[in-house]
Amino acid sequence: MILTPGEITLTRWEADVCIVGSGAGGAIAAAKIASSGRRVLLLEEGSRVQQEDLNQDATRLVPLMYRRAGGLGTDDMSIRILQGRVLGGSCTINWMTCLRTPDMVLDEWANRFGLEEYRPGEMAPHFEAVEQRLSVHAIPEEHHNSQNRIILVGARKLGVQAEASANNSVDCIGCGTCGLGCPYDAKQDMRLTYLADAQTHDTTILTGVRAERIHYLSPSQHRVEASILSDESSTIERKLEVTCTQVVVAASAIGTPLLLQHSRLNGSSLLGKYLHLHPVTATAGIYEEILDPTYGIPQSTVCEHYSNLNGEGYGFRLEVPDVEPFLAGVNFPGVGRSRRDGMRNMRRMGMIIALLRDGADRRSNGEVCWRRGLNVQSGHLSISKVPSIRYRLSPTDREHLQQGMETAVAFHFAAGAREVLTLHNRHQTLTSPSQIPQLRNLASGPNQLSMFSAHPTGTARMGKDRRFGVVDETMQMHHHPGIYVMDGSVLPTAPGVNPMITILATVSRALELGDLAS
Amino acid sequence: MALTSYLSFLSPSETQVVMCAGEALLGIPRRELGDDFIAEFDRIAAGLESFLRADLHHLLLLLNVASLGRFTRMEVSRRERLLAGWGHSRIPLLRTSFVTLRSLSAWSWYSLRKSWPELDFPGETIGKEHKLPTLLFGKSPWTPPSPTRDDGKSNNERPLGEKVE
Numbered sequence: 130m131i132l133t134p135g136e137i138t139l140t141r142w143e144a145d146v147c148i149v150g151s152g153a154g155g156a157i158a159a160a161k162i163a164s165s166g167r168r169v170l171l172l173e174e175g176s177r178v179q180q181e182d183l184n185q186d187a188t189r190l191v192p193l194m195y196r197r198a199g200g201l202g203t204d205d206m207s208i209r210i211l212q213g214r215v216l217g218g219s220c221t222i223n224w225m226t227c228l229r230t231p232d233m234v235l236d237e238w239a240n241r242f243g244l245e246e247y248r249p250g251e252m253a254p255h256f257e258a259v260e261q262r263l264s265v266h267a268i269p270e271e272h273h274n275s276q277n278r279i280i281l282v283g284a285r286k287l288g289v290q291a292e293a294s295a296n297n298s299v300d301c302i303g304c305g306t307c308g309l310g311c312p313y314d315a316k317q318d319m320r321l322t323y324l325a326d327a328q329t330h331d332t333t334i335l336t337g338v339r340a341e342r343i344h345y346l347s348p349s350q351h352r353v354e355a356s357i358l359s360d361e362s363s364t365i366e367r368k369l370e371v372t373c374t375q376v377v378v379a380a381s382a383i384g385t386p387l388l389l390q391h392s393r394l395n396g397s398s399l400l401g402k403y404l405h406l407h408p409v410t411a412t413a414g415i416y417e418e419i420l421d422p423t424y425g426i427p428q429s430t431v432c433e434h435y436s437n438l439n440g441e442g443y444g445f446r447l448e449v450p451d452v453e454p455f456l457a458g459v460n461f462p463g464v465g466r467s468r469r470d471g472m473r474n475m476r477r478m479g480m481i482i483a484l485l486r487d488g489a490d491r492r493s494n495g496e497v498c499w500r501r502g503l504n505v506q507s508g509h510l511s512i513s514k515v516p517s518i519r520y521r522l523s524p525t526d527r528e529h530l531q532q533g534m535e536t537a538v539a540f541h542f543a544a545g546a547r548e549v550l551t552l553h554n555r556h557q558t559l560t561s562p563s564q565i566p567q568l569r570n571l572a573s574g575p576n577q578l579s580m581f582s583a584h585p586t587g588t589a590r591m592g593k594d595r596r597f598g599v600v601d602e603t604m605q606m607h608h609h610p611g612i613y614v615m616d617g618s619v620l621p622t623a624p625g626v627n628p629m630i631t632i633l634a635t636v637s638r639a640l641e642l643g644d645l646a647s
Numbered sequence: 004m005a006l007t008s009y010l011s012f013l014s015p016s017e018t019q020v021v022m023c024a025g026e027a028l029l030g031i032p033r034r035e036l037g038d039d040f041i042a043e044f045d046r047i048a049a050g051l052e053s054f055l056r057a058d059l060h061h062l063l064l065l066l067n068v069a070s071l072g073r074f075t076r077m078e079v080s081r082r083e084r085l086l087a088g089w090g091h092s093r094i095p096l097l098r099t100s101f102v103t104l105r106s107l108s109a110w111s112w113y114s115l116r117k118s119w120p121e122l123d124f125p126g127e128t129i130g131k132e133h134k135l136p137t138l139l140f141g142k143s144p145w146t147p148p149s150p151t152r153d154d155g156k157s158n159n160e161r162p163l164g165e166k167v168e
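So the sequence lines, in the order shown, correspond to chains Z and W.
Position 12 (the first sequence) corresponds to 141 in the numbering used here; numbering is contiguous.
Position 60 (the second sequence) corresponds to 63 in the numbering used here; numbering is contiguous.
Here chain Z stands alone, though its shape is the one from the complex (with noise of 0.2 Å):
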């Protein structure tokens, strides 16, 4: 049962199992538990959208499904945060890459933060469950367009491996507006697998209603306050409670960190903290023919061959974005009139993606905390906390993301373009590879070179030891027994994969080693 905010009519609620959001953990966490036979009450912040809502109307669809209307970003806005706002979460906005976590990574959190049965043997049978249960398959060679060639033109002229991606669709037929959500219902996202299989285990999910605070009661009784919104917008309505006798939090790596601190569940010095993003920098080559980049399917290949540049595991990745208008307006380079003309080679631009693995330099990147600041509350100015993402690139990631810019500007050239734009405030445009390395004379400090990021991770890591993470293998809270956090902030470092199936397939791993569905 879904009910939205008009149809909620009572105030107070009981449940075994309170989750909080409906993103990729909190939905298997949902259909798991639900199916073990306990009672499980969803929270959802976001709207509930249907296929008859998915419309195409980016003027109407983004305020309703991201993050702070669209504009979620660091706090100087150097890295803008695609992050889903809605039923489902990000995985109903996002690009449908469904890629597994690197061995080498699993390996990793083995090695440093004692996650032994998260070793890719143990990991194997969950990526399989829930890749079979979204229906992911790898998207055949007729099925790529213009866009998403020039990777494959150009790995092969600059003799290295690219290949096809991965996706959750069923009959796909490349309309190109993922980020809105899919209004042919062909990609498979939590709302049409694991959301769907709570339901039938009776799960109750209601949306439009916001976690404020938990109160820990004791290990096996808490009681969630939250707020009733109103449709379609953040106004709040009426107060919630919830009492269960456990929560999971899988509020995001943004969302999280700030519902357990303002809940005072902050025991763990750790939270908040390791925030990865995979920062992403765009170029976009222009082609002589026309390459339609706002249809077909988003990121459908992909290049790894760079994904390991330190012998650690930390690279970047080569991706193709899907291209709205309006996305490609905002990180378009320049002013001006010469801003206006570049616009209107869209039909003939190809955008390449370097996406970062961060965390190279093992140290924390970015915070997710309350912070003191101006606020307007009831017409007055007045200081408030406020959430703030701080983030900054470490030396090695920012070398990382430069090598990433660079390789993606080579292969623009090698399959054919005739200039390249980076996105560089101080923009040139480059017309051969011979100018790759003028491009490290450009200022590409915070706001000097135009980043953004869909994967917020980290923010309250897991690992076995409490001196190294904030939750267990289980992803129990080891300062607060009976509360959970199943989303990617447990995810010890960067996956360097888009983090989709990373988590769903340890959030699954989670659930058989503890006893919350058992």
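Do not rely on the hints blindly, as some may be mistaken.
As the list claims (entries may be wrong) - Now the in silico label distances, taken between C-beta atoms and shown as ranges: (1) Z:Arg473 x W:Arg81: 37 to 45 Å; (2) W:Ile94 x Z:Leu642: 48 to 56 Å; (3) W:Arg81 x Z:Arg595: 53 to 61 Å; (4) Z:Pro610 x W:Ser14: 27 to 35 Å; (5) Z:His266 x W:Arg33: 44 to 52 Å; (6) W:Ser16 x Z:Pro524: 43 to 51 Å; (7) Z:Arg595 x W:Ser11: 43 to 51 Å.
FYI, nobody ran anything at the bench for these hints, they're computed from the structure.
Each residue gets a CB set at the ideal place from its N, CA and C atoms; glycine is no exception.
Following the hints, complete the assembly by docking chain W onto the known chain Z.
Frame of chain Z, contents of chain W only:
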């Protein structure tokens, strides 16, 4: 009714600043941007969290202060140089301001349907699946709730499996 009477975030003076900034940043004359650009900017800004809305008011104020109150009266080329200078500045706050203004302006403009013709972007696929370079695998395009079809016919009237042009 005047545009400013139904805006929920921008004040009348801020409306002028946003319009002039958008013109300089995007290279699109004010008359082309039009009221719907302002309405879209206002709608996006109003959807931000309250502390960000406060920051945005300060940013628009900063733009006026930095130009000694003359921002809206400057030549477009001077406005463009001023804003580009912020983007190249050593002062992080100015770069943040530049990026924020450019992002919001571009987001507002390129979300609008009227910006698409010059991009040669035909818009939604819904109702036009058989005419656009999409892939079709025998799936029936559904009838959209909004009137986005270009011929007024039901999508289901078209034969399935028709070759995509």
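Are there hints from earlier that the structure breaks, and if so, what are their numbers?
1, 4
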